[in-house]
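Peer 1: Given chain X's structure and the hints, the job is docking chain L onto it.
Those protein sequence lines, which keep their order, are chains X and L. Oh and the first sequence: position 214 is 220 in the numbering used here, straight run, nothing missing. Oh and the second sequence: position 225 is 231 in the numbering used here, straight run, nothing missing.
Just so you know, not all the hints are guaranteed correct.
Which copy? The list can't say, so a pair holds if one copy fits it or any two copies do.
To be verified - Below, simulated DSS-like cross-link-like pairs (lysine-lysine); rule was C-alpha separation at most 27 angstroms, straight line:
hint: 1; residue 1: K215; residue 2: K193
hint: 2; residue 1: K138; residue 2: K108
hint: 3; residue 1: K108; residue 2: K80
hint: 4; residue 1: K111; residue 2: K80
Honestly, the hints are just simulated from the structure, not real lab data.
2 protein chains.
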Amino acid sequence: MSRCLITKAEVQLFIERCMGAVGTKPHHARSLAEVLVEGDHRGHYSHGLNRMDMYVKDIQTKICEKDGEPVIEKESPATALVDGKNLLGPVVGNFCMDLAIKKAKEVGIGWVVAHGSNHYGIAGYYSMQALKSNMIGMSFTNTSPLVVPTRGKECTLGTNPISVAAPARDGDSFVLDMATSAVALGKVELHDRRGDSIPEGWGCDAQGKLTPDPKKVLNGGGLVPIGGCEATGGYKGYGLGMMVELFCGILAGAQYSKHIRTWKVTDRIANLGQCFVAINPENFASGFNDRMSDLLSIQRELEPADSEHPVLAAGDPERMNMKKCEELGGIPYHINVVNFMNECGQRLGVNPLLPTDKVISL
Amino acid sequence: MSRCLITKAEVQLFIERCMGAVGTKPHHARSLAEVLVEGDHRGHYSHGLNRMDMYVKDIQTKICEKDGEPVIEKESPATALVDGKNLLGPVVGNFCMDLAIKKAKEVGIGWVVAHGSNHYGIAGYYSMQALKSNMIGMSFTNTSPLVVPTRGKECTLGTNPISVAAPARDGDSFVLDMATSAVALGKVELHDRRGDSIPEGWGCDAQGKLTPDPKKVLNGGGLVPIGGCEATGGYKGYGLGMMVELFCGILAGAQYSKHIRTWKVTDRIANLGQCFVAINPENFASGFNDRMSDLLSIQRELEPADSEHPVLAAGDPERMNMKKCEELGGIPYHINVVNFMNECGQRLGVNPLLPTDKVISL
Numbered sequence: 007m008s009r010c011l012i013t014k015a016e017v018q019l020f021i022e023r024c025m026g027a028v029g030t031k032p033h034h035a036r037s038l039a040e041v042l043v044e045g046d047h048r049g050h051y052s053h054g055l056n057r058m059d060m061y062v063k064d065i066q067t068k069i070c071e072k073d074g075e076p077v078i079e080k081e082s083p084a085t086a087l088v089d090g091k092n093l094l095g096p097v098v099g100n101f102c103m104d105l106a107i108k109k110a111k112e113v114g115i116g117w118v119v120a121h122g123s124n125h126y127g128i129a130g131y132y133s134m135q136a137l138k139s140n141m142i143g144m145s146f147t148n149t150s151p152l153v154v155p156t157r158g159k160e161c162t163l164g165t166n167p168i169s170v171a172a173p174a175r176d177g178d179s180f181v182l183d184m185a186t187s188a189v190a191l192g193k194v195e196l197h198d199r200r201g202d203s204i205p206e207g208w209g210c211d212a213q214g215k216l217t218p219d220p221k222k223v224l225n226g227g228g229l230v231p232i233g234g235c236e237a238t239g240g241y242k243g244y245g246l247g248m249m250v251e252l253f254c255g256i257l258a259g260a261q262y263s264k265h266i267r268t269w270k271v272t273d274r275i276a277n278l279g280q281c282f283v284a285i286n287p288e289n290f291a292s293g294f295n296d297r298m299s300d301l302l303s304i305q306r307e308l309e310p311a312d313s314e315h316p317v318l319a320a321g322d323p324e325r326m327n328m329k330k331c332e333e334l335g336g337i338p339y340h341i342n343v344v345n346f347m348n349e350c351g352q353r354l355g356v357n358p359l360l361p362t363d364k365v366i367s368l
Numbered sequence: 007m008s009r010c011l012i013t014k015a016e017v018q019l020f021i022e023r024c025m026g027a028v029g030t031k032p033h034h035a036r037s038l039a040e041v042l043v044e045g046d047h048r049g050h051y052s053h054g055l056n057r058m059d060m061y062v063k064d065i066q067t068k069i070c071e072k073d074g075e076p077v078i079e080k081e082s083p084a085t086a087l088v089d090g091k092n093l094l095g096p097v098v099g100n101f102c103m104d105l106a107i108k109k110a111k112e113v114g115i116g117w118v119v120a121h122g123s124n125h126y127g128i129a130g131y132y133s134m135q136a137l138k139s140n141m142i143g144m145s146f147t148n149t150s151p152l153v154v155p156t157r158g159k160e161c162t163l164g165t166n167p168i169s170v171a172a173p174a175r176d177g178d179s180f181v182l183d184m185a186t187s188a189v190a191l192g193k194v195e196l197h198d199r200r201g202d203s204i205p206e207g208w209g210c211d212a213q214g215k216l217t218p219d220p221k222k223v224l225n226g227g228g229l230v231p232i233g234g235c236e237a238t239g240g241y242k243g244y245g246l247g248m249m250v251e252l253f254c255g256i257l258a259g260a261q262y263s264k265h266i267r268t269w270k271v272t273d274r275i276a277n278l279g280q281c282f283v284a285i286n287p288e289n290f291a292s293g294f295n296d297r298m299s300d301l302l303s304i305q306r307e308l309e310p311a312d313s314e315h316p317v318l319a320a321g322d323p324e325r326m327n328m329k330k331c332e333e334l335g336g337i338p339y340h341i342n343v344v345n346f347m348n349e350c351g352q353r354l355g356v357n358p359l360l361p362t363d364k365v366i367s368l
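Okay, chain X solo, but in the shape it has when bound:
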């Protein structure tokens, strides 16, 4: 497959220019660009440049605010409730995560929730901010309904991701960043486009039955929670999706569950709920980083069931992807994505566009 190589700086500035062209405040555009570039750099293309047009449209149609700052509505030494003022998700996310870290420095933990937020990119971006202060970080968001609860046949929960990051020794870390559905919607869409069937346990049809047919999942069916059907523990994934909702929409007083607008339909503001946590290991037993490194090593050094597939820790696949980008000298993008975004940039009068001259074969 041929791919177009683009440096992180080039993507960053292009997104900033496009968002700026529709009137986004410069530091808001920068925040958004940073999260999207990080998504691509870590290999989660579904949450990167690929979604820029959605954010552009949100500003153009005024469904998202382009100016203002989040506001703290209620606060204690360890907690805060924030009104995201319908700003871009990364603006709200950075504000809340910075606040959580500040509180954790003072009293060992900061638990901050926001209403009035929007799509914030990869959940791991925020949890990882805590690593810079040698802290544990967590981030959760609710999302539009795409998941069918165990025994049901209607989507009432989002893919409600959980991210937890924890620092080990020498810059190493554990970074869990997972949807509480068995897989992301994008994976089902990809199989559908390729004409492939999907593994049993990814999604169900309109009758709530697990199906290998991606078309049935996409048309009237839905994703299923981690664990698949009831016999294999799908009710646990369903419970975790509810847990995320309770930390987000319920605690923050935002929209929640099936009250959240339909995925990709932006007829009204999102008013998503999000939750950001920082925990300072210094408030607990000393030697945290050493134990964390040992915990990671125990898993990574296991003899694998299949010698070609080593046992990994959460965050390792992303680390491998970033290393690949460094070796290549940029992030490899599908040419269709680059062309699509350049057309978008052209319409906005942006210059320069994304470079298309470094094509490689992967």
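Peer 2: Coordinates of chain L only, in the frame set by chain X:
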């Protein structure tokens, strides 16, 4: 099946007498009995009276301490590190959860971790304590290695449960209490005893391959994380098991991962790590209970895929079990369990034993 009906009070006092007979401090015996009775009352017989002999033996062999109290080693307004002093798990658990709730009343959240703890029964017992103060409660514990990480073939993680309880309106609540393995070991043992095969996605053999044979899981294999194999998202369950370990053994400076003693082998102290959290909704958006009730209703009122199996929320199966006990006028126990425990009580010179005169057919 014939079952022996025993009231909660009868089981409570019997366990207190047995633990007292081996020298356990009265209020420690009471704490243990309360957790075990609650386990049975909620239908989790694997974490109830059924395990009393294990706790008796732990005190008899002095592998657990029978006297003393947990000690706070480090504290901030929102956090605490506790030394459980190798006391019975429920003694440590109650101490930490009470402390977390106290802190949450003052600063909105309490995050308390303990080292030097032991098996604490059902995780949900502790998270549910927060409901009495109209708060969200959480509880996590690490356990002896029984789970094989994705791609591995050796058990390096416990079943590491997550419990989250949240209050809704009029005494209703959400109570998630789940192992991060696809199922509990007891379920695999039960299938083995019956000669039944197990569903694909519960456990693997000594080569790390999923197997329908419970004997292979129990002999050299292991449980697999929620999600089953890698293709169906088992790496997410593996990541959640690691998350629990990082909140427990790693943050508390207790034993962790494969350093924890082998399940059922009590040749050395357990030194388990546990984590207890209380979050006060009053520090966030008002109307929490109403939204929580609505979130539960949305799911419960869904049209089910199969009309005989209504959509439930976490905690509903346990609520149904408790209702059944109330209708019956006691907890229905298998006669073999009652006889086994009565033999145990007789050896300890306990009187009266569990009553065996109320036998019913279920």
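Peer 1: Indicate which option fits the pair K215, K193 if close means a Cα-Cα distance not exceeding 27 angstroms: within, between, both or neither.
Peer 2: So K215 and K193 pass the 27 angstroms test inside a copy (19 angstroms) and across (24 angstroms) alike.
Peer 1: At most 27 angstroms between C-alpha atoms: does K111 with K80 qualify within a copy, between copies, both, or neither?
Peer 2: both (19 angstroms within a copy, 15 angstroms between copies)
Peer 1: Should K108 paired with K80 be assigned to within, between, both, or neither, using CA atoms and 27 angstroms as the limit?
Peer 2: both (16 angstroms within a copy, 20 angstroms between copies)
Peer 1: For K138 and K108, with the copy left unspecified, which applies at a CA distance of at most 27 angstroms: within, between, both, or neither?
Peer 2: So K138 and K108 pass the 27 angstroms test inside one copy only (12 angstroms; across, 31 angstroms).
Checked against the numbered hints given earlier, this structure breaks none of them.
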